[in-house]
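J.: Protein chains in written order, with my numbering: chain H, 3 to 749; chain E, 4 to 316; chain V, 70 to 246.
Read the hints as simulated data drawn from the structure, not as lab findings.
Take the hints with a grain of salt, since some may be wrong.
Lysine-lysine pairs mimicking DSSO-like chemistry, simulated, CA-CA at most 27 Å apart [to be verified]:
hint: 1; chain 1: H; residue 1: K376; chain 2: V; residue 2: K206
hint: 2; chain 1: E; residue 1: K5; chain 2: H; residue 2: K658
hint: 3; chain 1: E; residue 1: K5; chain 2: H; residue 2: K318
hint: 4; chain 1: H; residue 1: K561; chain 2: V; residue 2: K195
hint: 5; chain 1: H; residue 1: K257; chain 2: V; residue 2: K206
hint: 6; chain 1: H; residue 1: K561; chain 2: V; residue 2: K206
hint: 7; chain 1: H; residue 1: K257; chain 2: V; residue 2: K228
hint: 8; chain 1: E; residue 1: K85; chain 2: H; residue 2: K740
hint: 9; chain 1: V; residue 1: K219; chain 2: E; residue 2: K5
hint: 10; chain 1: V; residue 1: K195; chain 2: H; residue 2: K257
hint: 11; chain 1: H; residue 1: K51; chain 2: V; residue 2: K195
hint: 12; chain 1: H; residue 1: K257; chain 2: E; residue 2: K5
hint: 13; chain 1: H; residue 1: K50; chain 2: V; residue 2: K228
hint: 14; chain 1: E; residue 1: K54; chain 2: H; residue 2: K659
hint: 15; chain 1: V; residue 1: K206; chain 2: H; residue 2: K51
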Amino acid sequence: MHTRRNFIKISSLGLGAAAVIGGSVKWAVGAAPSQKLSGGLKSTPVWKKVSTYCEVCFWKCAGWAYVSEEGNIQKIIGNDNDPQCNGRLCPRGTGGVGMYSDPDRLKTPLMRVTINGEQTYREASWEEALDFIAKKMKEIAEKHGPESMALFNHGSSGKYFTQLLNAFGSNNVTAPSFAQCRGPRDTGFDLTFGESVSSPEVTDIRDTRCLVLIGSHIGENMHNGQVQEMSEAIDNGATIITVDPRLSTAASKSKYWLPIKPSTDIALLLSWIHVLIYDDLYNKDYVAKYGEGFNELKEHVRNFTPEWAYGITTLKPELIRHTAREMANAAPATLIHPGRHTSWYGDDVQRSRAIAILNGLLGSWGNRGGIFFKEGIKVPDFPHPEYPKPQWSWQDTLNGRYPLAKESITNTIIEASIPGEGNEHQIKGWIVSGTNLVVSVPLKEQLMKAMQSLDLLVVVDTMPMEITGFADVVLPECTYLERYDDLRATAHREPTLVLRMPAVEPLYETKPAWWIAKQIGERLGLGAYFNYTDFKEVIDWQLKQLGLTLDEMERIGVKRYARKTPAYIEPGADHQFKTASGKIQFNSMELQKAGFDSMPVYTPHAQPEDGFYRLIYGRAPMHTFSRTANNRNLVALMPENAVWVNPQVAELWGLKKDQHVWLKNQQGVVSNFSVKVRVTERIRWDSVYIVHGFGHKYKPLTYAFGRGVNDTELISNVMIDPIMGGTGMRGNFVTFIKDEPKKEAKL
Amino acid sequence: MKEELFASGRNIPNIDPYLNIWHWQIPGYLFLGGLAAGILFFASFFTIMGKQHKMEATVRKAPMIVPFALVIGLFMLFLDLKHKLYFWQLYTTVRYQSPMSWGAWVLMAITPLSILWAASYVRELFPRWDWKYDILKTFEKWIIANRILLAWPLAILSVILGIYTGILLSAFNARPLWNTSILGPLFLVSGMSTGAAVIMLMSKDHKERKIIGRIDILLIIVELFFIIHLLMGFLAGSEAQINAANLFLGGRFTAPFFAFVVILGLIFPAVLETLELRGFKVPIIVPAVLILLGGLIFRFLMVEAGQITRYLY
Amino acid sequence: MRYAMAIDTRKCVGCSDCVVACQTENNVPLGFCRDWVVEVVDGTYPNVSIELRSERCNHCANSPCVRCCPTGASHFEDGGIVLVEHDKCIGCGACIQACPYDARYSHPDGYVDKCTFCIHRVREGKNPACVSVCPTKCMSFGDLDDPNSKIVNVLKNRKFKSLAPEAGTKPQIFYLI
Ligand SMILES: Nc1nc2c(c(=O)[nH]1)N[C@H]1C(S)=C(S)[C@@H](COP(=O)(O)OP(=O)(O)OC[C@H]3O[C@@H](n4cnc5c(=O)[nH]c(N)nc54)[C@H](O)[C@@H]3O)O[C@H]1N2
Ligand SMILES: Nc1nc2c(c(=O)[nH]1)N[C@H]1C(S)=C(S)[C@@H](COP(=O)(O)OP(=O)(O)OC[C@H]3O[C@@H](n4cnc5c(=O)[nH]c(N)nc54)[C@H](O)[C@@H]3O)O[C@H]1N2
Ligand code: SF4
Ligand code: SF4
Ligand code: SF4
Ligand code: SF4
Ligand code: SF4
Ligand SMILES: [Mo]
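Start from the sequences and build out the full structure, keeping to the hints where you can.
T.: Given below as structure tokens:
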């Protein structure tokens, strides 16, 4: 295959930039306190503390980077005053220094060139690279309109490129955190309560008396606040009920573990609803006062008895009844956790709806121990001219599908980038910043086709990830430890403000995203939208508006405010939900109007054929997707993933612990690399489990290359949720190949 | 099924998946130490018994190689150290609970004595040797006159050294295979047997060979008895010790242990020696070399296998 | 004074934050570690249990590593903390052989290294790095001789065990079960 845009292995150009720059990182954190002289142990040296918030995942814990006199980042420690982390970062945050010191980092801008018919990258100056991008963007705007530029983003850098595109005249801005992640949940809760549970979630795990986890594997899913609060809940004697086909860490800490047959959760949820209603266990006052459509719901679940669910879920009826009673006993301090990554089986909005309905029946929303109301600080926008109004936007790429999507969908933007008949909203250029689409969006063929058809593909990243190999221009961003970023002002239990400032100067020729966006903006004549020379001025200005100073924030890092509004519904108050009618929607008219079931229905999903096992995936506490796969501090903890196999299955196949196998899915897709077998009782015999984020086939990732398998490449059956476009990824089945399969040319 | 794993990929070089801190240097050191102890013991013993003139090779020839064995052994120990420049720290303190410290000090004492011993016989073996300095000549004279004064401490120190080579291992309770008090006597006996083998190799005197041969057969019998005792003791012990014994009884060390140590290193040479005593013509080099090889391999296996065995918890 | 640690296996999630925190606090070279996490899975699906244990040097009260050290490099500090004095250590490996927990490693610089109970922090009145970072707060560190300390309280109220007690080393790390 000879394509316009060949995948370039950055390795082929040797990345000699390190030598040019000379800025080298001292690996393994500098000189620790000497333990040489036991008698006269030196005390901890006095290091400079610089305020930051973590960017290793999107919980954004506030912390301090400790910098030695020589300018080495020694360690990163949580800020005691941050209610999101309480002074304790998670392993990824503690190991965040590995993002900075990674020797494989992108070092200079790279531009795609063809030498002797062979596509490769050459190092370029910022001037060149930025000029090129601006020229291309102008061409696209002239030919197709500015709307034909799209942004894929995830994380802090997204904001600046969003501003750039908005100023340019496009709002085709999207992120995998909706359709590949929390979209179904947010839609389901929004349809029921009129708002979603946000990020960080407004779940009152700390004060709950009964926590129900439906596949949410807190403890492996290391979202810090949730892990800390679950631990507190354990201390407080809360009952934990975990529904998971795998003995997750959370399941092992639970009073009840419901080892459900995968893909049957809706049946369980419906039978719980049945028990709550027909055994008269639900919160009657609350439902009467705040609910709407209860009678329809009651009628709807009439036949969804635990006995019915037993046949589907393999969970004993007594267990279902008993756990429903536990939930009711603790209500309203019961939290049926909404989960986060919820794009599983394509009917995920409905599953999330069932979870929302359960919370509604128990009265959790707006009650202590359930779901609280968030409050945050409104940071004023830095003044800029009005954004122009685009002629069309991402909604138009839906072409009438996914009517209830409240956020843009990566998949439809990707689709809109493939030229074809009837594609009236053609996208021609992408900026991709902070997302490794190749590993996070499962629609491989679509993605490849789209990327081949673009006129411009700019990738802004800190690392030479898979996605960078497709770019025309690769722009190296500096890491979160080397830059100013927007103030963190996320709303949660109490309003907080957090400052991120550079702990050290950017290494190599890397630059912060705000600078990159501004530079492109200026070249496009949009300088007025970036009316500052340093982002520090923006923060300074914003803090002044809030009656604060940068000096003070540098000293404290975190500013906490007292709440002004109640965190829970005041007893007897007449609370208005944010739905159209102001009530909790047990029966959703909105769904009905859009032509969907107004209440969740269980539909059976395909089950694995003989010799195949359902591929389920999740998190390991010491890694974040693929972004940490090359972080040596974290690789030291977990260098690769393993495929979890039940001992019975292992025996059937003659698989031994640590043996290497290749995985092949139901459509014949074979994993690129082999993976170690972990024989464990923690997984069902009809499923196998792997941790997402491994199996990198991009050589410049020296540490991550070839370690483990990548679940995404085995996810070729994607079940799209018709309600909001989420990509259900758990309908894939794999079998084992014990001898190395012959390789065709890959990628 | 029970599964135990490191949740955070611990993989420390030479510690995981099993301990491999001591390599060839330590068994080599133990072998040379045991051999030197054996020779010195026989030399001093026959001197004390007043038989030095009948035991030419035992008392005169074999001890010539002892200082070399000790110094090379000590050098091997030095090679094993990972923080070599701090070697001298061994001699700044006496740690009576530490076998390493014991070894360092015993060697410190026995090596110069063995040098004196050997030196005092140099001119008998090499008549043309000249000590050059008068003071050395006077000193030599004094030693020759008071050999018995040297023999007593040497006899005692050589037994300590021999036992020490076993205790160095058995002090480590953490390694179930070494966790037995029998290793001291076992290594002592085995060391003496290797010493005897060297003497037999060097001796031209049939009578002397016969005496040493008899002693050696006895040593081998005792050694076999200790080995059986060792394995039986383990089999009656904790799970960790049973696992340890199983390394030699059906595990990965069984073949080399029985083939090279028990059969070729002990039983076969004992049979050959017995035949020789009965008047059959046996080239002495065969049993002697087999004993030496067996003793060396035994130490390698014990050190290697011991590091593999571990506590279960 | 007798420093000890209590670790709640019921709350530990095996995240290994304690391991990275030790790494960055103490400059432990990559590829080595002073602490690590063990997972023990027992039973048959679906009746399965997991024990998660963050392990490190037990600072044994009867410590074979101190006993067998020929130079005195391995020694006790105040509060029973077992420490290696780098400039006295000859790297003979005896202490590594002596430790039933494989808690020591040979540092690339030659000396033997292991958990110090973060004595540099403890002397400043802080918790060890691993304890202070643990997101589940499942570790407590303190003085067993101080009846008011949290650790004494925890050990009074919970069942606990130590590792390989039959080795006779009197470990000072207790696992709440
Ligand atoms: N350490 C770490 N933590 C993270 C992240 C990370 O990368 N690393 N990423 C963060 C992000 S963005 C997200 S969205 C969250 C995701 O974290 P969660 O929302 O908690 O996780 P999921 O991926 O939905 O669920 C994974 C779990 O679902 C189980 N499962 C699989 N199939 C089924 C099924 O059919 N039914 C049920 N009931 N369970 C099933 C799996 O066994 C596994 O335990 O994690 C966040 N936290
Ligand atoms: N198969 C499968 N697919 C999944 C999931 C799954 O569990 N399995 N999970 C889904 C979920 S829940 C989510 S949220 C998405 C997440 O999907 P992504 O957001 O694509 O996930 P990451 O792997 O974190 O990719 C982040 C990219 O950002 C780069 N990066 C890191 N720091 C910076 C920075 O400071 N600046 C810039 N410019 N770039 C940076 C990294 O190098 C990496 O290339 O994936 C989804 N896709
Ligand atoms: S949860 Fe962990 S990785 Fe995520 S922001 Fe907090 S410390 Fe960083
Ligand atoms: S940091 Fe705490 S929860 Fe995490 S592994 Fe260590 S002890 Fe367990
Ligand atoms: S755990 Fe090992 S290193 Fe630590 S004191 Fe005990 S024996 Fe010594
Ligand atoms: S390696 Fe160092 S600390 Fe350990 S026993 Fe030898 S000298 Fe002592
Ligand atoms: S106490 Fe300190 S040295 Fe010991 S494991 Fe914890 S962090 Fe590491
Ligand atoms: Mo996500």
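J.: Give a verdict on every hint.
T.: Results of checking the hints against the structure:
| no. | hint | result |
| --- | --- | --- |
| 1 | H:K376 <-> V:K206 | 25 Å, holds |
| 2 | E:K5 <-> H:K658 | 14 Å, holds |
| 3 | E:K5 <-> H:K318 | 26 Å, holds |
| 4 | H:K561 <-> V:K195 | 24 Å, holds |
| 5 | H:K257 <-> V:K206 | 20 Å, holds |
| 6 | H:K561 <-> V:K206 | 24 Å, holds |
| 7 | H:K257 <-> V:K228 | 18 Å, holds |
| 8 | E:K85 <-> H:K740 | 42 Å, violated |
| 9 | V:K219 <-> E:K5 | 33 Å, violated |
| 10 | V:K195 <-> H:K257 | 35 Å, violated |
| 11 | H:K51 <-> V:K195 | 17 Å, holds |
| 12 | H:K257 <-> E:K5 | 21 Å, holds |
| 13 | H:K50 <-> V:K228 | 42 Å, violated |
| 14 | E:K54 <-> H:K659 | 64 Å, violated |
| 15 | V:K206 <-> H:K51 | 24 Å, holds |
Figure legend: structure checked against the earlier numbered hints; hints not met, in rising order: 8, 9, 10, 13 and 14.
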